[in-house]
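> Numbering (UniProt numbering), first residue to last: 1 to 519.
Hints are computed from structural coordinates only; laboratory data are not their basis.
You may find that some hints are simply not true.
What the hints assert, rightly or not - Here are the computed distance ranges between Cβ atoms for each label pair:
#, residue 1, residue 2, range
1, K359, T166, 33 to 39 Å
2, E224, G449, 58 to 64 Å
3, Q79, H410, 53 to 59 Å
4, P416, G360, 53 to 59 Å
5, D124, S216, 26 to 32 Å
6, D384, S362, 28 to 34 Å
7, K171, I444, 43 to 49 Å
8, Q79, R355, 53 to 59 Å
9, Y401, K192, 36 to 42 Å
Claimed, not checked - Below, simulated SDA-like cross-link-like pairs (lysine to any residue); rule was C-alpha separation at most 25 Å, straight line:
#, residue 1, residue 2
10, K443, P417
11, K247, L272
12, K89, R119
13, K390, P474
14, K425, R119
15, K405, R485
16, K98, L272
Ideal placement from N, C-alpha and C gives every residue a C-beta, glycine not left out.
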Amino acid sequence: MDPGRQAMINGWKSPLQGDRDARDRRVAGGGRDGDRDITGPRFDSSNRISKTHRPPPSKSTGANSAAAASGRYLTQDQQSEQFVADEDKFVLNQAKKKADIRVREHRAKPIDHLAFNLRFIDTDRDIFDDHDADAEISILGPEAVLESLGEAQLRELDEDIRSYHTLECNKKNKEYWTALLALCADRRQKLKPQGPEGRAVTSVASDVDRILSPKSLAQLEALEKQIRAKLQSNEPIDTDYWEQLLKSLLVYKAKATLKSICEEIKAARVDLLKTRDLEKARELEASDGYAGAAPALGSAGSSSKPASGPSAAVMASASASASAGSSSAPPPGTARFAVVGTEDFSQATKALYDREVAKGISEGEEIFTAEEEVPGVSKPLWADKYRPRKPRYFNRVQMGYEWNKYNQTHYDHDHPPPKVVQGYKFNIFYPDLIDKTKAPTFKIIREHGRRKGESLAPAGSEDTCLIRFIAGPPYEDIAFRIVDREWDYSAKKERGFKSSFDKGILQLHFQFKKIYYRK
Numbered sequence: 001m002d003p004g005r006q007a008m009i010n011g012w013k014s015p016l017q018g019d020r021d022a023r024d025r026r027v028a029g030g031g032r033d034g035d036r037d038i039t040g041p042r043f044d045s046s047n048r049i050s051k052t053h054r055p056p057p058s059k060s061t062g063a064n065s066a067a068a069a070s071g072r073y074l075t076q077d078q079q080s081e082q083f084v085a086d087e088d089k090f091v092l093n094q095a096k097k098k099a100d101i102r103v104r105e106h107r108a109k110p111i112d113h114l115a116f117n118l119r120f121i122d123t124d125r126d127i128f129d130d131h132d133a134d135a136e137i138s139i140l141g142p143e144a145v146l147e148s149l150g151e152a153q154l155r156e157l158d159e160d161i162r163s164y165h166t167l168e169c170n171k172k173n174k175e176y177w178t179a180l181l182a183l184c185a186d187r188r189q190k191l192k193p194q195g196p197e198g199r200a201v202t203s204v205a206s207d208v209d210r211i212l213s214p215k216s217l218a219q220l221e222a223l224e225k226q227i228r229a230k231l232q233s234n235e236p237i238d239t240d241y242w243e244q245l246l247k248s249l250l251v252y253k254a255k256a257t258l259k260s261i262c263e264e265i266k267a268a269r270v271d272l273l274k275t276r277d278l279e280k281a282r283e284l285e286a287s288d289g290y291a292g293a294a295p296a297l298g299s300a301g302s303s304s305k306p307a308s309g310p311s312a313a314v315m316a317s318a319s320a321s322a323s324a325g326s327s328s329a330p331p332p333g334t335a336r337f338a339v340v341g342t343e344d345f346s347q348a349t350k351a352l353y354d355r356e357v358a359k360g361i362s363e364g365e366e367i368f369t370a371e372e373e374v375p376g377v378s379k380p381l382w383a384d385k386y387r388p389r390k391p392r393y394f395n396r397v398q399m400g401y402e403w404n405k406y407n408q409t410h411y412d413h414d415h416p417p418p419k420v421v422q423g424y425k426f427n428i429f430y431p432d433l434i435d436k437t438k439a440p441t442f443k444i445i446r447e448h449g450r451r452k453g454e455s456l457a458p459a460g461s462e463d464t465c466l467i468r469f470i471a472g473p474p475y476e477d478i479a480f481r482i483v484d485r486e487w488d489y490s491a492k493k494e495r496g497f498k499s500s501f502d503k504g505i506l507q508l509h510f511q512f513k514k515i516y517y518r519k
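Work out the full structure: start from the sequences and follow the hints.
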């Protein structure tokens, strides 16, 4: 038998293999290269690759890796906190977007004016929500908004401010809402009827104003520390006086904080306007940055009940009009504009108006009062024969969600997208028309040469147009600004197109066409 085979069977090393190993050892030890097997790999002592020795992991290394792993993974409580924080941030951003939309469409609530003010210095705001024309919108000062509201509206506004204050994380924004909370509470306190104690406090109010009004924010903070120290001391002092002084000081401190923030807002608006209209930027810089007077957001001193409801800024502005028309005020939230000299207050108009008001507002509807000046109108030819009067109206705007592909991806029913205008319901009252055989009409007016179907609005916004209602003597023309989209003329119940004139009421109800995308 072959010796090599026998050695393999017996477990010994083959003689040939032994000779080959010996030759390799000689080469490794510097032997002659001629002894190397020419079919074997060439040996290179300077290019040898060997596996490094890995020491066993110590206990401290294992502890560090466990700590690193725990840093990468959140606990269940941490995940819950993160989820709640993200949800609060989402809700806050949606509230800001809705406020911006309502201000741009001239149907803002009081809280919308306050939120829109802050957008110019809000570092957490999404820049894609900004519109170039926002800097040109005439905005109301925060104090002007508060002073124009009644007790019921201030109560509602206080709740809205607290919602923003709770959700806000930005330090500057939180200071803004904190100051507004203090001013809102002070305003509500002043509107309450005063008893004997309140009248006693009022007697020293002029002295308090004289002391605090000229002081800066830093001086007020220093004075606050001194007053608190005096109240906590055991000195014999007039406690009522010093407590009232401290309350007034906190109000003036809130005013100083708000003034500082408003100056930053004004500077930011001026910077934005300089890139668009240098002349307007200079005018804004020379002013206090806000509109000259607040519209009738509410009537604090009026005898009529303040409005409350889905559109407080619009509905409260009407209480003065309703009380002037008759001694019995309409239900809260159903009044419209303040009294105008040519307003129609006939008994027939009042009856029609009250009947429409009694129908109320359906879900998804808001009162619509975006009245505009009628362009190019001169004195009517029949003005010498009949006294011109402006028709009364009770209009509604239909709001809803648009579940397109984008909104289906980014929103759900728990966190819906911002509402959009889906239609209008116009009810114009003409009970005293001279020529009753000729029904009132309407026409659409598009500005700047824009034609039907054309769009000049920036991305993310919609074009608007004027709808003008024309009747004849003794009624003047009236116009409203609406969203310019294609109407759905379907008479189906759910779409509800209606255009009629019956019993002195012009009714124009329509919704916009819905666009469906096929796969």
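> If you test the structure against every hint from before, which numbers come out violated?
3, 4, 6, 10, 11, 14
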